[in-house]
Amino acid sequence: MSSVLRQRIRNAPPRYALVAIVVLLLAGLPTVISSFLTSEWAQALILAIAIMGLNILVGYSGQLSLGHGAFMALGAYISAILAHKYKMDYLVTIPIAGVLTGGIGFLFGIPALRLSALYLALATFALAVVTPSLIKRPKEWTGGPQGLLLVQPDPPQPAKDAFAAITGTAMTTDQWIYYITLFCALLLFWLAWNLLRFRPGRAMRAIRDGEVAAAASGINVAGYKTLAFGISAFYAGIAGSLFGLATGFISPDTFPVSLSIQLLVGVVVGGLASIPGPLLGAIFAYFLPIESNQWVPSQSWIPSQIASTVEKAGPAVSYGVILIVIMIFARNGIVGLVESGYRMLQRRLRGAGDRETGQMPSGPQTV
Amino acid sequence: MQEFLQLVVSGLAAGGIFASLALALVLIYNAMGLVNFAQGEMAMFATFIAYALISRGMSFWIAFPVTLVLAFGGGIAIQRIVIRPVERAPVLTLVIITLGLATLVNGVAGFLFGYVPRPFESPFSSDTVGVLGVFISYRDLGVIGVSGVVLLLVYLLLQHTTVGLTMRAAAHHPEASRLLGVHVSWMLALGWGLAAAVGAVSGIMVAPVLLLEPNMMQAIIIYAFAAAVLGGIESPLGAVVGGLIVGVTVNLAGVYVPFVGGDLQLAVGLAIIVAVLIIRPNGLFGRASVRRV
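These protein sequence lines map, in sequence, to chains A and B.
In case it helps, my numbering puts the first sequence at residues 1 to 367.
In case it helps, my numbering puts the second sequence at residues 1001 to 1293.
Worth flagging that the hints you see were computed from the coordinates, not collected in a lab.
Fair warning: this is a prediction, and the values are worked out from it, not measured in the lab.
Just so you know, not all the hints are guaranteed correct.
[Stated by the list, open to error] Pulled from the structure, derived: some chain B residues nowhere near chain A, Cβ distances all over 12 Å:
(1) Gly1033
(2) Val1082
(3) Gln1159
[To be verified] Footprint (simulated), chain B over chain A, 3 or more residues, beta carbon under 8 Å:
(4) 59-70
(5) 118-132
(6) 261-272
[To be verified] The following label-pair restraints were derived from C-beta to C-beta distances:
(7) A/Ser300 to B/Thr1162: 32 to 40 Å
(8) B/Arg1118 to A/Tyr16: 32 to 40 Å
(9) A/Asp209 to B/Gly1114: 54 to 62 Å
(10) A/Ser300 to B/Glu1003: 32 to 40 Å
(11) A/Pro297 to B/Arg1056: 46 to 54 Å
(12) B/Leu1112 to A/Pro297: 14 to 22 Å
(13) A/Phe183 to B/Glu1003: 57 to 65 Å
(14) A/Val296 to B/Arg1056: 50 to 58 Å
(15) A/Ser304 to B/His1173: 51 to 59 Å
(16) B/Arg1118 to A/Pro297: 22 to 30 Å
(17) A/Ser304 to B/Val1069: 30 to 38 Å
(18) A/Gln152 to B/Tyr1138: 55 to 63 Å
(19) B/Tyr1138 to A/Pro145: 43 to 51 Å
Just so you know, even glycine gets a beta-carbon here, dropped at the ideal spot from N, CA and C.
With the hints as constraints, model all of the structure from the sequences given.
Given below as structure tokens:
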């Protein structure tokens, strides 16, 4: 190891260590949990990718989309049709789906420029509601209401060997898909981090906090707003494509309105305009209904009749309560809570006399 | 030609339902510049209350006003508990909160009443009466009549009573109204209550057509959005006209446009929303908004 590299590692901010730990944990996860649980975690990571994309749009550029499930559906169906009809390798279709969806999202962003935040929310919500019936129409492409079955790839030999060497068991398809997903997620989070801490991220936040002021400072408002739409759709497209891969089956009912709501819950819970937020939000939004559905029937004091209703109504009730409570009491989500807690602790340790320097707060001010 | 007129009439009946819900949206928009995404779910919940009352043996014409009063109270309660803490928050926050409210109300209805679709008895018979060669069912006539009465009452309330005047004043100039002694926040609550009651009418009218279940209003709210946007989102008259136009258009498109058919009618609603927002964002009756920067 060269001394320059060692120097850089020693001087890295402490949060880099945190990132490294999280990456190692995620990479090691399939070696300790079952193949079935691994598949669930893969889906949580996929959700995290889509939520990261939505966060770029909502948290950073301040445009509200309630229809990101539609972009996920688009990505999933592009991949599925390419793999199904044109016999392409599914892994090759993932970036194609992302780029095509991103392009369509970019085009979608152009009329969206003319709409106020409220109207944009309204139009995208309508899109989310209509999506399932739109998918059903081109039957010969999408398979109609029956959906499309997808072939899940077998892990390649080197990956199998490496996995067997570590765990002593053969790698399953689910575990391989988890690693594909993890790779995409890391790549896309890294991309988002690089995009958002430099000029584009600053420009988007400036537009969000004051469009006129941003334009007056020479920021290309229309350009950055459509760019945000395009990037965000790109993320959703990749997530949709991976989703088809992970579940092996997509149908119009895979992409209901509640999916778009789930994405929004993930963004809001994790924290608007933050990078780790989408990961936390996705884990929360994905596992909350699953865990509660396992917990409720296991409790003997809840009558089975009620338990079955709770299973259906539970996610809606809890998502609703969470959206309202977080928006009223903690607008920057988990990350915001952790940050303010950390800052308070620091102030305590430093003593009350130490006033804050004139630093800009990092959280969104207008959201 | 006869088929065409037939479709127009049944479209008007559907339009009356959309108009009521769109009017509810307009009332809240005028009060606080917000589209209430929970409006449809609130209407659905009120319809379940009406259903519960009727199935306990209450006659429809008693249960109907009782439900409206309960919905009015419920609307006020929601405004006081959920909306009031964020009255001055940015639009993004408010939209997310009403969306959360929609999800919550939907879930609570599912929890209390289950997801099995239930038939909802219409107070009007499904017999038809022939007028100029067009057969109109009493049910359609009843829906048009009830919607018309409700819209008229709201108009009278807003334009010809002191309460209506105060509500409009509070919505237009909150600061000036406050100086003149108007309880602005309570006027907003009143607006929410009124909207909830008007929306409930649409729910009760639509329930006999689509079976009653928690997701009943999901399509209707899209048509109501289309109606409100088409009419100009701040215009009560626009909501009514928009509702009727959307009702007729959707009905005709379902039959005469082969690509649309029965299953893509909802997409017509989306198309109307998108087209209006791009071509004429202020709708038919809305005023162009001027913003000081």
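Hint-by-hint comparison with the structure:
{"no.": "1", "hint": "Gly1033", "in the structure": "violated (8 Å)"}
{"no.": "2", "hint": "Val1082", "in the structure": "violated (6 Å)"}
{"no.": "3", "hint": "Gln1159", "in the structure": "holds (26 Å)"}
{"no.": "4", "hint": "59-70", "in the structure": "holds (count 3)"}
{"no.": "5", "hint": "118-132", "in the structure": "holds (count 10)"}
{"no.": "6", "hint": "261-272", "in the structure": "holds (count 3)"}
{"no.": "7", "hint": "A/Ser300 to B/Thr1162: 32 to 40 Å", "in the structure": "violated (59 Å)"}
{"no.": "8", "hint": "B/Arg1118 to A/Tyr16: 32 to 40 Å", "in the structure": "violated (58 Å)"}
{"no.": "9", "hint": "A/Asp209 to B/Gly1114: 54 to 62 Å", "in the structure": "violated (46 Å)"}
{"no.": "10", "hint": "A/Ser300 to B/Glu1003: 32 to 40 Å", "in the structure": "violated (60 Å)"}
{"no.": "11", "hint": "A/Pro297 to B/Arg1056: 46 to 54 Å", "in the structure": "violated (31 Å)"}
{"no.": "12", "hint": "B/Leu1112 to A/Pro297: 14 to 22 Å", "in the structure": "holds (19 Å)"}
{"no.": "13", "hint": "A/Phe183 to B/Glu1003: 57 to 65 Å", "in the structure": "holds (58 Å)"}
{"no.": "14", "hint": "A/Val296 to B/Arg1056: 50 to 58 Å", "in the structure": "violated (29 Å)"}
{"no.": "15", "hint": "A/Ser304 to B/His1173: 51 to 59 Å", "in the structure": "holds (57 Å)"}
{"no.": "16", "hint": "B/Arg1118 to A/Pro297: 22 to 30 Å", "in the structure": "holds (25 Å)"}
{"no.": "17", "hint": "A/Ser304 to B/Val1069: 30 to 38 Å", "in the structure": "holds (37 Å)"}
{"no.": "18", "hint": "A/Gln152 to B/Tyr1138: 55 to 63 Å", "in the structure": "holds (57 Å)"}
{"no.": "19", "hint": "B/Tyr1138 to A/Pro145: 43 to 51 Å", "in the structure": "violated (36 Å)"}
When the structure is compared with the earlier hints, violations turn up for hints 1, 2, 7, 8, 9, 10, 11, 14 and 19 and for no others.
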